[in-house]
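Chain order of the listed sequences is F and D.
In case it helps, this note's numbering puts the first sequence at residues 1 to 353.
In case it helps, this note's numbering puts the second sequence at residues 1001 to 1353.
It is worth saying that the hints were derived from the structure and are not from the lab.
Computed from a predicted structure; not experimentally measured.
Where is the CB? At the ideal position from N, CA and C, for every residue including glycine.
Where hints are given, some of them may not hold.
Unchecked claim - Looking from chain F toward chain D, a few residues come up when the C-beta cut is under 8 Å (computed):
hint : residue
1    : 24
2    : 47
3    : 69
4    : 73
5    : 80
6    : 128
7    : 141
8    : 162
9    : 166
10   : 167
11   : 277
As the list claims (entries may be wrong) - Here are a few chain D residues that face chain F, going by a calculated C-beta distance under 10 Å:
hint : residue
12   : 1046
13   : 1164
14   : 1277
15   : 1278
2 protein chains.
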Amino acid sequence: MERIDRARARKARVKEPRITLSHGAGGKATHNLIDAIFLDAFRNPELEQLSDAASVQVGSGSNQVRLAFTTDSYVVSPLFFPGGDIGELAINGTVNDLAMAGARPLVISAGFILEEGFPTDDLRRVVASMAAAAKAAGVQIVTGDTKVVQRGKGDGCYINTAGIGVRERPVELNAANATPGDVILVSGPIGDHGITVMLARGELDISADIVSDTAPLHGLTAALLDAAPATRMLRDATRGGVATILNEVAAASKTAIVVDENAVPVRPEVRGASELLGIDPLYVACEGRLVAVVPPEQADAALAALHGHPLGEGAAVIGRVVEDPPGLVLLKTTFGGTRIVDMLVGDPLPRIC
Amino acid sequence: MERIDRARARKARVKEPRITLSHGAGGKATHNLIDAIFLDAFRNPELEQLSDAASVQVGSGSNQVRLAFTTDSYVVSPLFFPGGDIGELAINGTVNDLAMAGARPLVISAGFILEEGFPTDDLRRVVASMAAAAKAAGVQIVTGDTKVVQRGKGDGCYINTAGIGVRERPVELNAANATPGDVILVSGPIGDHGITVMLARGELDISADIVSDTAPLHGLTAALLDAAPATRMLRDATRGGVATILNEVAAASKTAIVVDENAVPVRPEVRGASELLGIDPLYVACEGRLVAVVPPEQADAALAALHGHPLGEGAAVIGRVVEDPPGLVLLKTTFGGTRIVDMLVGDPLPRIC
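With the rest of the complex left out, here is chain F (with noise of 0.2 Å):
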């Protein structure tokens, strides 16, 4: 407990007079970066949350609607790479963030920022993709904006999407509701997205039989919380890998979480790559992947749900909410040992998503 209450005693601080890759890796630095400068800032109740969608009432007395409301730019490198492309991952990410707040998809936002010389039949696949990822989630692009940037001050095609869905359900999903006892899922095989985003640059001599994992989860979620609606919380394990989003699971709740090595799914490939890269794929991103702590007496519901779905076939339990000690993640390792797993720190993987 002390190890969390002195954290949160001492101000946030960015000490790095300038902004590292790390800054925008999801992990350690992301999170001292948001603290330190965008909450303390922009400091209000719903985006103090950060969870991956803001909660917005609109309308008056009877007459009121909940939303969910998100946002996530693109910066990938390559544009293209087995399995989709920036376009693709630009409407699944911001669909999958209002799946995990447990809201129906709306409307997006797809905003350009082009470099100069960016070829325009690239432009146009890209396009094609977003277009044909938001007729599979059953969303529309309602709104957008276009920019262009000098040669050498941008790479090609960055991406911002914004996003509206409808809370219709009842659920209250909030990492900060995690109990001893709760249990641990994700919906497939790890790290597929990043290990194949990593490959695709070609700066590194392994190839592999792999595919990016990126996909909209709406559906998936609307399985799991039918069959599981008193699911704790749902994350998406983009940047910062399952490893950060069970670090602020524990974080928020002030507890423990065991995850068993054996029992994380990662795709042999992935685990070859992973090792020859250094990588644990335990922070490597996926973007069709989900994590869900769900309480123990619906955990066979959810994962029978996750199971019974195309995109959770490879579903599985990986772990337990405990109680000590409070904000950490433990790893019981194939070898019987018992380690720590931290939050991402530096960014091992830039620009993956």
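With chain F's structure known, arrange chain D on it following the hints.
Then chain D, alone, in the frame of chain F:
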């Protein structure tokens, strides 16, 4: 009429094999890009209106709420300029897009794309400025995202904001509604923002005592719509300037617009700098000025309402909607002649917002 019909009959096409700065200038090339690539792929009735903010209906039955939803990315260079900075621009710009839809701005998202090496203190300054602008405009920044790209793949700091507003007024604002006889108003002197940013780059040996006009216009639009509820259309004169907006109105409503050059408010400093730069102030971006098209019987009330608000003190009637020739904007010049004011071609002032 033939001119428009021919243009519509011919499917829009982007012939350039690569994106150029003019595709981001807000003028002809931008419109062509939007028609040929974005609209063609994303086609839906909301997007086709190409208004500053999309209309989104949420809830069902008697429980419906009408929202406005908009997005813009900001790539202004330099980030700090007299009278404002990228942070203030990013909030005011999105507030204004909602205000032009007749909506009350509610919440905003903020997505940052930072370049590795960007000074942390500059980020603090930008964020403080966003917080102050949000407070001044009465909106909350409820969700956000930060990405970092390598040195040489960005330009310090790009910001995307998306915003949600509530459409509480029974107004129907649409450029297609402009009718012969309608009066065209601007809310103040035009071109201050564009010229200020251009001069702040220090590439030109000109200095002038002007500052950006960046401001949140939702209070001004509320006053205007209270006084002139039959207002046909509102648009803030950003990229492409007043000239581009008037061309959009003429094209959408199949009317002509006659502007009296003498009546267009332009500060002497802006006029002087524009002449030296070889730019017509009608094409120069503002970030705190609106163009309104108002039926003649409400024009006096509209002008009085603008004059009664601190941000509309310099408002003026600058022209009228007429029947012929449909689709064209004509300027009655100071010297008694008449010339066609076309959409902006090329990009004389790149990265002004």
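Checklist entry - Can you give the numbers of the hints that this structure goes against, from lowest to highest? => result 5, 10, 11, 14, 15
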